[in-house]
Amino acid sequence: QKEVEQNSGPLSVPEGAIASLNCTYSDRVSQSFFWYRQYSGKSPELIMSIYSNGDKEDGRFTAQLNKASQYVSLLIRDSQPSDSATYLCAGGTTSNYKLTFGKGTLLTVNP
Amino acid sequence: DTGVSQNPRHKITKRGQNVTFRCDPISEHNRLYWYRQTLGQGPEFLTYFQNEAQLEKSRLLSDRFSAERPKGSFSTLEIQRTEQGDSAMYLCASSFVPTNTGELFFGEGSRLTVL
Chain A
29 QKEVEQNSGP LSVPEGAIAS LNCTYSDRVS QSFFWYRQYS GKSPELIMSI YSNGDKEDGR
89 FTAQLNKASQ YVSLLIRDSQ PSDSATYLCA GGTTSNYKLT FGKGTLLTVN P
Chain B
-14 DTGVSQNPRH KITKRGQNVT FRCDPISEHN RLYWYRQTLG QGPEFLTYFQ NEAQLEKSRL
46 LSDRFSAERP KGSFSTLEIQ RTEQGDSAMY LCASSFVPTN TGELFFGEGS RLTVL
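Protein chains in written order, with our numbering: chain A, 29 to 139; chain B, -14 to 100.
Chain A extracted, bound-state conformation (with noise of 0.2 Å):
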């Protein structure tokens, strides 16, 4: 297995749907977990972090985390054309704070 895998895309919802993106990983980035949100050209920038099982919401946003599983998600609800973009999944540990990044998943909104 790679070590951060994201289910490949595109994905593409109408506006106002729930967009649903999701990523798995191996041991070796088991423990901290984050997205980043890439526009065409553009360098990825920081939407969500999550460091323990469960859900963490943030506004339109939530992720979730399932160690057991080695399963990471990302919901983005009421999902607008702005959304539009390429979503990273990306895993470390925190002995070298080292980030390992999906290929990416690139969603696109209809308005």
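Nothing false has been slipped in among the hints.
Pair by pair, the computed Cβ-Cβ distance ranges are: (1) B:P83 / A:E85: 22 to 30 Å; (2) B:G1 / A:D106: 48 to 56 Å; (3) B:N(-8) / A:T121: 25 to 33 Å; (4) B:P55 / A:D106: 43 to 51 Å; (5) B:E29 / A:P139: 28 to 36 Å; (6) B:S72 / A:P42: 31 to 39 Å.
Rather than coming from a laboratory, the hints here were simulated on the basis of the structure. Quick reminder that beta carbons are idealized off the backbone N, C-alpha and C, glycines included.
Use these hints to put chain B onto chain A, whose structure you have.
Same frame as chain A, but now just chain B:
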């Protein structure tokens, strides 16, 4: 603006030439990372520094690549004898450890095109 700054933003060069990229991290950050990203892929780790010490280099980083952070502030990434396969976006990121929680703050990147 006190974010991560990278220069140049774009570089077009001919195969075999040397190129150098500069990164100025957020001023209080002690960690500096270099990543490379190609189209359709996530960022791939190249190397990182804590202060002036280079702590890890990826196997992706061939002998043609060298990175420095001489005074623990800005960093340079040099690619010698560039090849077409070096064409990519080179991303610099910084963070502060151990007090921060691991998130990286990225610069806008330096896009390299090797003809």
